[in-house]
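K.L.:
Residue-level listing of the chains:
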Amino acid sequence: MTESTFSRKDLIGVLTFAALILVVLPMALDPFRLNLVGKYLTYGFVALGLVLSWGDAGILSLGQGIFFGLGGYCMAMFLKLEASTPAATKIQSTPGIPDFMDWNQLTALPWFWRPFHSLAFTIAAVPLVPALLAFVIGLAMFKRRVGGTYFAIITQAIAAILTILIIGQQGYTGGVNGITDLRTLLGWDIRTDHAKLVLYFISGGLLIACLVAAQTVRRSKLGRILLAMREREDRVRFSGYDVANFKIFVFCVAAALAGIGGAMFTLQVGFMSPSFVGIVPSIELVIFAAVGGRSSLLGALYGTLLVNWAKTTFSEDLPQLWLLAMGAMFIAVVVLFPNGLAGLVQDRLAPLLARLRPQRPELQQVAPAAVDASNQGVAR
Amino acid sequence: MTEPADFLLAVEGLSVSFDGFKAVDDLSFYVDANEIRVIIGPNGAGKTTVLDLICGRTRASAGSVRFRGRELTRLKEHQIVQAGVGRKFQTPSIYEELTVFENLEISFPRGRSVFGALAFRRDEAVRERVREIASLIFLEPMLGERAEALSHGQKQWLEIGMLLIQDPALLMLDEPVAGMSVSERRKTAELLRRVLRDRAVLVIEHDMGFVEDIAHRVTVLHQGRVLSEGSMQHVKADPKVVEVYLGH
Ligand SMILES: Nc1ncnc2c1ncn2[C@@H]1O[C@H](COP(=O)(O)OP(=O)(O)O)[C@@H](O)[C@H]1O
Ligand SMILES: [Mg+2]
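Going down the list, the sequences are from chains A and B.
My numbering puts the first residue of the first sequence at 1, with every later residue one more than the last.
My numbering puts the first residue of the second sequence at 381, with every later residue one more than the last.
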C-alpha cells in the first residue's frame, strides 16, 4: 500500500536537508555567504507553497511575490516603528512616525500601521494577512471556476496592481524605496554578524518546520485529493467534494508560507521594497520551484538554493546573461523536464538504484520517490 | 402533473438548449426505488445530457428534478452527490496517478470537507470497505497498482466501485460496457446485477443484449424527448422505436 503518513523515507529526506542547512553550510561558509544562503532560504518558503498549490493542485500562481511582499512588509512595519522612536526622530516635523511619512507631510501614524507596534500582532499578521488576501482572491476565482491560465494572469495583474499601489502611496508605504533603515527587534540589533547568524538559524528552523508541515499535508487524504483534483476535477466534484474549497485552502497555505518567507527576508536583509512584489520577482519565484521540481518539496528547496546560487555567481560577473540563462532554464524545465531536477534524478537515478536494490513489493507514490531521489542526487 | 411520493426520482418538464439547439426538450420520466431503468436512443439524442442535468453538471433552463422529494436543480454538484446520487462518466474517469486503493479511498464518504480530509485516518473501517468493494469489482489483487496500469474494462469497474463505495440511492451509469470485451461485458452484467439490488439505477447503453439482460424498464430518447417507454418487449415492438433506432 502507498504511504499515507510521514514515512521513514520522508524523515531521512528532511534530516538530510536539515543537516545541510543547519550544520554543513554554517560550518563551510563565511558570514557574508551564509547570510546570502539565508536569503535564498526565504524563497524556499515560497517554493514549498508552490509545490502544494502548483505541483499538487495544479494551481499556477504567478503572483506569489504579493504574499512574500505582504509578509515582508508586515515585519518591516514593526521594525520601522521600533526604529522610529520620538527620540530617534526628533529632528522630524512630526517626531515618532517613520521618516518617509514625515517627508510626505504625514502628521500622524495611519490607522493600519498602529497594530504593528505589537510584535504578537505582527507575528500573527505575517502569515494571516497574505492568507486573507489569498482567501478573497480564491473565493472570487475558484468559486466561479476560474482556473488555469486565466488564474495565472489574474495573479500577475494583482501583483502589478499591488506594486503600483505601494509605489504610489509613498506616505504610507515608503514608495519605491520600500521600508528601509531597520535596526532592532525588541531592542536587539539585527544588523550585527551575530544577529544575522541567529536569524539564519531561526529561518532555517522555521523552514524545516514548514517543510514537515507541508509534507504532512501532502501525506494526508487532502494531499491525495489535490492530486486527484489536478487530474480529474469533475470526478472529485462528483465524489461529493466542494473542489473550490480545497483550492482556496491550498492557495491560502501557499500564501501564508510565502508571507513567512517574506518576513524572514526582511529580518535578514534589513529592508523590504516593492521590487520583491511585482511580476518579475513572482515569475522568478516560480522558476526557483520549477527548476528543482514542482512535485517534490525537497526538490523545490534544493532547486531554489541552486538557482539562487547560480544567480548570485552569474550576476556578479555577467549580469545581462543571467536573465537569458533564467529564461532558458524556465523553457527547459517547462518543455523538457516538467518535474525539474527532482524528476530528472528520479527518472535517471532511481532506476539505477532500483537495479542495485531488490525491489520491494509495495508500490511507492511518485512524491516520496522524487523526494528521496532528489536527496540522493542534488544534495551531494 | 403531480408526483406520487413513492417515486425515487421524478424528472418533469426538463429542458436545456445549447446555442438555441434543444438538446433536452420538456422531458418527463419517473424512476422507482430499486428500479433498473435503461435509457437508449441514437447518438445525440440527449442521453448524456439528461444525466448531466440530474447530477448538476449542466444547469436546466426549465423543469425540475426531484429526488426523494428534494429539488436537485438548485443544488451544487457535491450536494447532489451527498444527497445520494452517484454518476459514472462515459469515458472512465478515475485518478490514473493514484493507486486503486487510493481511488476508492477518496470516494469513501467520510472527511469530505477540507479539514475533514486533513484529519482523515485510514482506519480499519476504511480498509475493510475498500477491500469489500475491490473484491466486488474484481480488483482486489490490484489494490496497490497505479490505476493507469489497469485495462480499459478494469478502469470502468474501478469507477463503478468508486460510486458503490458511496452507497448511492441512485446510480447513474453512462455506457458502462462500451469498449469492453465479451467476457468483460458478462462480468459487468453480473457485477451490476449483484450491486444494483438495493438502489435505483439509471443506465445509458447501446448494447441490446446487455440492456435486455438488466433492464426493468426502458426509456427511448429521441431529439431530447421520450419516444417510447415501457418494458423491453414493449419498446422493441414500438414502430417509432424501430424506425429511428433499432431499425439501423
Ligand atoms: N455542453 C454542450 N454544449 C453544446 N452542445 C452540447 C453540449 N452537450 C451536449 N451537446 C449536444 O447535445 C446533443 C445531445 O448530446 P448527448 O446528450 O451527449 O447525446 P447522447 O449521449 O444521447 O449521444 C448533441 O447534439 C450534442 O452535440
Ligand atoms: Mg452520450
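These are calculated hints, taken from the structure and not from any lab test.
Some clues are possibly wrong.
[Claimed, not checked] Each pair of labels, with its calculated beta carbon distance range: (1) B:Arg448 to A:Phe112: 38 to 44 Å; (2) A:Ala19 to B:Gln470: 48 to 54 Å; (3) A:Leu336 to B:Arg439: 38 to 44 Å; (4) A:Leu336 to B:Thr471: 26 to 32 Å; (5) B:Phe401 to A:Leu11: 55 to 61 Å; (6) B:Glu528 to A:Val24: 36 to 42 Å; (7) A:Ala124 to B:Phe495: 42 to 48 Å; (8) A:Thr312 to B:Glu512: 53 to 59 Å; (9) B:Glu520 to A:Leu15: 50 to 56 Å; (10) A:Leu15 to B:Ser563: 27 to 33 Å; (11) A:Phe112 to B:Arg450: 35 to 41 Å; (12) B:Phe495 to A:Ile279: 30 to 36 Å; (13) A:Ala124 to B:Ser395: 50 to 56 Å.
[Unchecked claim] Some, not all, of what chain A presents toward chain B, calculated at C-beta under 7 Å: (14) Gly168; (15) Thr184; (16) Trp188; (17) Asp189; (18) Arg219; (19) Lys221; (20) Leu222; (21) Ile225; (22) Leu227; (23) Tyr241; (24) Asp242; (25) Ala244; (26) Asn245; (27) Phe246.
Predicted, not measured: the structure shown is a model, and the values here were computed from it.
Using N, Cα and C, we set each Cβ at its ideal position, and we do this for glycine too.
K.L.:
Look at each hint and say if it fits the structure.
P.N.:
How the hints compare with the structure:
no.: 1; hint: B:Arg448 to A:Phe112: 38 to 44 Å; verdict: 51 Å, violated
no.: 2; hint: A:Ala19 to B:Gln470: 48 to 54 Å; verdict: 52 Å, holds
no.: 3; hint: A:Leu336 to B:Arg439: 38 to 44 Å; verdict: 42 Å, holds
no.: 4; hint: A:Leu336 to B:Thr471: 26 to 32 Å; verdict: 30 Å, holds
no.: 5; hint: B:Phe401 to A:Leu11: 55 to 61 Å; verdict: 58 Å, holds
no.: 6; hint: B:Glu528 to A:Val24: 36 to 42 Å; verdict: 39 Å, holds
no.: 7; hint: A:Ala124 to B:Phe495: 42 to 48 Å; verdict: 20 Å, violated
no.: 8; hint: A:Thr312 to B:Glu512: 53 to 59 Å; verdict: 57 Å, holds
no.: 9; hint: B:Glu520 to A:Leu15: 50 to 56 Å; verdict: 37 Å, violated
no.: 10; hint: A:Leu15 to B:Ser563: 27 to 33 Å; verdict: 51 Å, violated
no.: 11; hint: A:Phe112 to B:Arg450: 35 to 41 Å; verdict: 47 Å, violated
no.: 12; hint: B:Phe495 to A:Ile279: 30 to 36 Å; verdict: 34 Å, holds
no.: 13; hint: A:Ala124 to B:Ser395: 50 to 56 Å; verdict: 52 Å, holds
no.: 14; hint: Gly168; verdict: 37 Å, violated
no.: 15; hint: Thr184; verdict: 39 Å, violated
no.: 16; hint: Trp188; verdict: 36 Å, violated
no.: 17; hint: Asp189; verdict: 41 Å, violated
no.: 18; hint: Arg219; verdict: 11 Å, violated
no.: 19; hint: Lys221; verdict: 4 Å, holds
no.: 20; hint: Leu222; verdict: 4 Å, holds
no.: 21; hint: Ile225; verdict: 6 Å, holds
no.: 22; hint: Leu227; verdict: 6 Å, holds
no.: 23; hint: Tyr241; verdict: 5 Å, holds
no.: 24; hint: Asp242; verdict: 5 Å, holds
no.: 25; hint: Ala244; verdict: 9 Å, violated
no.: 26; hint: Asn245; verdict: 5 Å, holds
no.: 27; hint: Phe246; verdict: 6 Å, holds
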